[in-house]
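*Asks:* According to the working numbering, the sequence shown holds residues 2 to 363 in order.
Do not rely on the hints blindly, as some may be mistaken.
As the list claims (entries may be wrong) - Ranges between beta-carbon positions, derived for each pair:
#1 Arg25 / Leu247: 38 to 48 Å
#2 Arg340 / Ala202: 38 to 48 Å
#3 Arg312 / Ile40: 26 to 36 Å
Hint data in this document are derived by calculation from the structure and do not stem from the laboratory.
All C-beta atoms, glycine included, are put in the ideal place defined by N, C-alpha and C.
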Amino acid sequence: MENLHRQLRAWLRGFWPQAIVTSRRDRLAGSLGAAFGLIATAWVCHRALGEPNPWFIAPMGASAVLLFAVPASPLAQPWSLIGGNLCAALVGVSCARLIGDPVLAAGIAAAIAIALMFPLRCLHPPSGAVALTAVLGGPAVARLGYGFAWHPVLLNSLLLLAAALLFNRLAGRRYPHSQPAAPTPTPSERVGVSRADLHAALAERGEVVDISEDDLEDILQRAEERSHQRRFGALRCADFMVSEVLSVGAAASSDKALALLRDHRFDALPVTSSDGRLLGEISLRELLAAAGMHPAPPVGQLMDTSPHTSRPDDPIERLIHPFADRGVAHSMVVDGEGRLLGLVAQGDLIAALFREQLERPA
2 MENLHRQLRA WLRGFWPQAI VTSRRDRLAG SLGAAFGLIA TAWVCHRALG EPNPWFIAPM
62 GASAVLLFAV PASPLAQPWS LIGGNLCAAL VGVSCARLIG DPVLAAGIAA AIAIALMFPL
122 RCLHPPSGAV ALTAVLGGPA VARLGYGFAW HPVLLNSLLL LAAALLFNRL AGRRYPHSQP
182 AAPTPTPSER VGVSRADLHA ALAERGEVVD ISEDDLEDIL QRAEERSHQR RFGALRCADF
242 MVSEVLSVGA AASSDKALAL LRDHRFDALP VTSSDGRLLG EISLRELLAA AGMHPAPPVG
302 QLMDTSPHTS RPDDPIERLI HPFADRGVAH SMVVDGEGRL LGLVAQGDLI AALFREQLER
362 PA
């Protein structure tokens, strides 16, 4: 009997889902965003029609959960919302007209809508409710006919999308999450998990996973960094940076900077202010392009104002992808106030990884 109770408790625990990992800020933004989106949509419809909008259908509330609470979901992207709702509305109206039994029509409408949303790449869970509303919405919806797909469904969807685009931008969240073109494998991907590997694994799994490959790849890279630090210890930029770095001021002439690069055989120089704050970086390529100009332009006119930077306590693993995949040759190490502390070059990273390999237990 005790064994039966344990099995029952274990079975019941399976109904309790895992906690959703998110910040308090994101939870608050999702809640406020849904309220903002729904109220703004209803208000615009009211202003446009001159009366309260009687067709502010319930599935919009479910769409608001996706657009504002989980905007990174593939099911919450603009085409998923617009295409899914429009497809479901058209299918629902057609089934209501062609099938006499409303219960049968509702089930078939939902099934056909879901089947179409997959190849159309617009799977959107609330669209299932749109299909049911088109069938079971009563005489008022029936009188609208196919007009139901355009107003209220398409109009409300467009207004809700506009609110989501505005709110998520103001909240500092990336939306929409566009699908990037298939890239050429980067050097780090050729020795690790590539986008093609992720795509193949998801296809082999055979289930819909509510996360984009782009976000999944980013999570995987972050998890690999944490795993690396846990197994081998934390190697920081401060441990490998060169602290005695030659720099120039923004007012220095390009000729002077070019002479310094040639004398010391550097590829680039940091540009700093009088109090040591990093202003930018001047490379040999930029200086050679300006060679021969009279008068010689100041470094401040030629420098790159957004060089790659890191902090002293940053894990050295954070530099692997910039160095290997984005062609970054070195990273300027700065403190919290932007003062230049040193520089980590590709050779320093190689030395760090080589040292780690030597210290790894056999």
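*Asks:* Now look at each hint and say whether the structure bears it out.
*Replies:* The hints, checked one at a time:
Distance hint check for arginine 25 and leucine 247: the Cβ-Cβ separation is about 46 Å, which falls inside the suggested range of 38 to 48 Å. A C-beta distance of roughly 45 Å is found between arginine 340 and alanine 202, which places it inside the suggested range of 38 to 48 Å. Between arginine 312 and isoleucine 40, the C-beta spacing of about 42 Å breaks the proposed range 26 to 36 Å.
The structure is inconsistent with hint 3 alone, although it conforms to all the rest.
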